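**Student:** Keeping the supplied structure of chain A fixed, place chain B upon it in accordance with the hints.
In case you want the letters, here they are:
Protein chains: 2
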Amino acid sequence: MKLSQRALEIQASPIRKLMPHAVAAKQRGTKVFHLNIGQPDIPTPHQMIEAYHSFSEKVLAYGPSQGLDVYRDGLVQYYARHNIPLQENQIIVTQAGSEAVTFAMMVVAEAGDEIIVPEPFYTNYNGFATMAGITIRPLLTVAEDGFQLPPNEAIEALIGPKTKAIMICNPGNPTGTVYTKEDIFRLGELAKRHGLYVISDEVYREFIYEGLSHTSMLQVPGLEEHAIVVDSVSKRYSACGARIGCIVSRNKELMAATLKFAQARLCPPTVDQLASLACVPLADDFFKPLIAEYQARRDLAYDALMKIPGMVCVKPQGAFYILVKLPVDDCEKFIIWMLDEFNIDNETVMGAPGEGFYATPGLGKNEMRLAYVLNEDELARAMSVFARGFEAYKNL
Amino acid sequence: MKLSQRALEIQASPIRKLMPHAVAAKQRGTKVFHLNIGQPDIPTPHQMIEAYHSFSEKVLAYGPSQGLDVYRDGLVQYYARHNIPLQENQIIVTQAGSEAVTFAMMVVAEAGDEIIVPEPFYTNYNGFATMAGITIRPLLTVAEDGFQLPPNEAIEALIGPKTKAIMICNPGNPTGTVYTKEDIFRLGELAKRHGLYVISDEVYREFIYEGLSHTSMLQVPGLEEHAIVVDSVSKRYSACGARIGCIVSRNKELMAATLKFAQARLCPPTVDQLASLACVPLADDFFKPLIAEYQARRDLAYDALMKIPGMVCVKPQGAFYILVKLPVDDCEKFIIWMLDEFNIDNETVMGAPGEGFYATPGLGKNEMRLAYVLNEDELARAMSVFARGFEAYKNL
Numbered sequence: 001m002k003l004s005q006r007a008l009e010i011q012a013s014p015i016r017k018l019m020p021h022a023v024a025a026k027q028r029g030t031k032v033f034h035l036n037i038g039q040p041d042i043p044t045p046h047q048m049i050e051a052y053h054s055f056s057e058k059v060l061a062y063g064p065s066q067g068l069d070v071y072r073d074g075l076v077q078y079y080a081r082h083n084i085p086l087q088e089n090q091i092i093v094t095q096a097g098s099e100a101v102t103f104a105m106m107v108v109a110e111a112g113d114e115i116i117v118p119e120p121f122y123t124n125y126n127g128f129a130t131m132a133g134i135t136i137r138p139l140l141t142v143a144e145d146g147f148q149l150p151p152n153e154a155i156e157a158l159i160g161p162k163t164k165a166i167m168i169c170n171p172g173n174p175t176g177t178v179y180t181k182e183d184i185f186r187l188g189e190l191a192k193r194h195g196l197y198v199i200s201d202e203v204y205r206e207f208i209y210e211g212l213s214h215t216s217m218l219q220v221p222g223l224e225e226h227a228i229v230v231d232s233v234s235k236r237y238s239a240c241g242a243r244i245g246c247i248v249s250r251n252k253e254l255m256a257a258t259l260k261f262a263q264a265r266l267c268p269p270t271v272d273q274l275a276s277l278a279c280v281p282l283a284d285d286f287f288k289p290l291i292a293e294y295q296a297r298r299d300l301a302y303d304a305l306m307k308i309p310g311m312v313c314v315k316p317q318g319a320f321y322i323l324v325k326l327p328v329d330d331c332e333k334f335i336i337w338m339l340d341e342f343n344i345d346n347e348t349v350m351g352a353p354g355e356g357f358y359a360t361p362g363l364g365k366n367e368m369r370l371a372y373v374l375n376e377d378e379l380a381r382a383m384s385v386f387a388r389g390f391e392a393y394k395n396l
Numbered sequence: 001m002k003l004s005q006r007a008l009e010i011q012a013s014p015i016r017k018l019m020p021h022a023v024a025a026k027q028r029g030t031k032v033f034h035l036n037i038g039q040p041d042i043p044t045p046h047q048m049i050e051a052y053h054s055f056s057e058k059v060l061a062y063g064p065s066q067g068l069d070v071y072r073d074g075l076v077q078y079y080a081r082h083n084i085p086l087q088e089n090q091i092i093v094t095q096a097g098s099e100a101v102t103f104a105m106m107v108v109a110e111a112g113d114e115i116i117v118p119e120p121f122y123t124n125y126n127g128f129a130t131m132a133g134i135t136i137r138p139l140l141t142v143a144e145d146g147f148q149l150p151p152n153e154a155i156e157a158l159i160g161p162k163t164k165a166i167m168i169c170n171p172g173n174p175t176g177t178v179y180t181k182e183d184i185f186r187l188g189e190l191a192k193r194h195g196l197y198v199i200s201d202e203v204y205r206e207f208i209y210e211g212l213s214h215t216s217m218l219q220v221p222g223l224e225e226h227a228i229v230v231d232s233v234s235k236r237y238s239a240c241g242a243r244i245g246c247i248v249s250r251n252k253e254l255m256a257a258t259l260k261f262a263q264a265r266l267c268p269p270t271v272d273q274l275a276s277l278a279c280v281p282l283a284d285d286f287f288k289p290l291i292a293e294y295q296a297r298r299d300l301a302y303d304a305l306m307k308i309p310g311m312v313c314v315k316p317q318g319a320f321y322i323l324v325k326l327p328v329d330d331c332e333k334f335i336i337w338m339l340d341e342f343n344i345d346n347e348t349v350m351g352a353p354g355e356g357f358y359a360t361p362g363l364g365k366n367e368m369r370l371a372y373v374l375n376e377d378e379l380a381r382a383m384s385v386f387a388r389g390f391e392a393y394k395n396l
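Protein chains in written order, with my numbering: chain A, 1 to 396; chain B, 1 to 396.
Next comes chain A alone, as it looks inside the complex (with noise of 0.2 Å):
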């Protein structure tokens, strides 16, 4: 029996298809630090808890296909407090992040057309590019540059009659860079002048470090035709489990048609909704704080990286994850080995392999992307043993 040709194009997340050698490892008594995957160890919000536990409807019922209004009005104080101004119908609730920038390529692009996406990028952009039988156009960053955005020329060579968007991560996964303002208004009259519209993915808006600040696509004037948000709680109340995100756009047709997309699955999980709800007064003493913590957790995994003969890094500006360069040949081997033949003291440490984050063949193979999601004496530990993992490896 024939599969589809998506089914056998689709690429296994490199985020978790090592998961197999992982549970090995733990069945064998080994821990397993797991910074392959961006899921924080930050306890979530209790709001969000007592959410879940105060739940009393007689019937757990479907919920409009938007949202419900009432999270969406919390929706819009949150971006209110972010300088954003919105109403409540420029914003359809999602199935987390990943179903938002579904809804975003299939709502902008048909199959054939092309979307343009700086490369390394979020791996599973890829995955959501093929069931949608769209090409990604990778525009290459490079770690000399802090993989900040190229000149409007390397864009517009990419640019052709298929061509319906191009789409960032701002601040990016998995390079941690922030976008500067200048760049973001650049992308945006770029955008204009090209017709095409601009999805910025911006789940980690928060988690910027050192006093930087966070640029929204939507803040761009005159840009409302052009700009889609794709959002998240999943990283910002460590809620990877909830599952609810947003599409924003100010393009009343885009909106319009992406709720039939919405429509055609019914509605977000309701219990979900209600939950995210209780983090939207979640502010200034929430967010200080735990940006501190990460700004602590990137400076130890850092370092510690830089200590390394032979990593290459750039410090990153936000989310929480850095990609590093090593003087191997292939990335997904060293962790492999690392899951399946070394530990120290019954410990060792995933990571996920650079080439998913990749479009362009062979790109990213000497590379891994470590999230920095553990607490600083876990993240310590996890970065010495992999420390002594890489110096066995190159000593095999």
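A few of these clues could be false.
Because identical chains cannot be distinguished in the list, a pair is counted as satisfied if it fits within a single copy or across any two copies.
Unchecked claim - Calculated pairs, DSSO-like style, for lysine-lysine (alpha carbon to alpha carbon, straight line, at most 27 Å):
(1) Lys192 / Lys333
(2) Lys252 / Lys26
(3) Lys252 / Lys365
(4) Lys17 / Lys58
(5) Lys58 / Lys162
(6) Lys192 / Lys17
(7) Lys394 / Lys26
(8) Lys252 / Lys2
(9) Lys315 / Lys394
(10) Lys26 / Lys288
Calculated directly from the structure, the hints in this document are not laboratory data.
If you're wondering where the values come from, they're calculated on a predicted model, not measured in any experiment.
**Tutor:** Frame of chain A, contents of chain B only:
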């Protein structure tokens, strides 16, 4: 700014698109009996609500892409009770039946491919197909035959080089038809002979009346490579807002490819899976009175319709819908009129226009679907309002 062709083509949900008329009616103080949507009034089992209340993890973390092991274990037990022996790795938990249908369509068919579906069919299959670029080839079934499967010749006449699967809904939405064991086996043989997949939507498995029994596509011998079941907790446990379903197949390659789709969106919601797990032990004690209740509602709705001159419908054998043919040109107009213009003692009724349940242009325009999801008192009242509304409409 242009939208994609699929964004322009995807139909607004006929079940949901008239909601603004219902909202307006409610704002005028009119009570609307919602027979348009399969939202049961049955209380969600207390076990499920309690599971939300007892979630006690510190971090609401990502789960496995294939679903929580403990829940997949539970599903194995659930299917075993229905004489469907399965292993855990033959089940992937999805974001409700909707995602299961999307995955099933995408894993078997490429953009441009075709899937044969007996019509009338669950309207949102259209939306999922449009998003995936797949063409639904409708296989007409008619009230005169109780909407049962046509003979093989009629099915085979639709099979071409692009046909990848036949998709059924059993018991049927919107028809209420329960396919016979003979027909399920016949369809299985036909699929084998032509090398096609059979996707079987069995979300109404328990909702079968008058002692009829259900035959799952997973029970056809020798169909292991062909059979795919999509399922959901929504109707079964009156938990439409939980958004938990699953896709089931014994075809290893197909499940491996489906897992890659599942990995792209990371995981289904965690707490909702635990809540669904709490329902797994529910067996005859729970379902027998529930089915008796629905059978009584069916009888009430059917008898009420039969008393209205000119109504044509088949007594449903399962699910909780009646598709009724009205002596009017355009049922959608009638439904809108009922919401906009009509009420008795400030009460009116909303149905779902039949046209959206057909892929063949022009069919279903004089039909509507009623969901008998209200208790007998409410339903009796609703049917009386419906009858008097129709009487008034006819005499306009």
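**Student:** Would you mind marking each hint as holding or not holding in the structure?
**Tutor:** Hints, one by one, checked against the model:
no. : hint            : in the structure
1   : Lys192 / Lys333 : neither (44 Å within a copy, 41 Å between copies)
2   : Lys252 / Lys26  : between (50 Å within a copy, 25 Å between copies)
3   : Lys252 / Lys365 : neither (42 Å within a copy, 29 Å between copies)
4   : Lys17 / Lys58   : between (40 Å within a copy, 26 Å between copies)
5   : Lys58 / Lys162  : neither (50 Å within a copy, 46 Å between copies)
6   : Lys192 / Lys17  : neither (39 Å within a copy, 32 Å between copies)
7   : Lys394 / Lys26  : within (24 Å within a copy, 71 Å between copies)
8   : Lys252 / Lys2   : between (41 Å within a copy, 12 Å between copies)
9   : Lys315 / Lys394 : within (24 Å within a copy, 73 Å between copies)
10  : Lys26 / Lys288  : neither (35 Å within a copy, 44 Å between copies)
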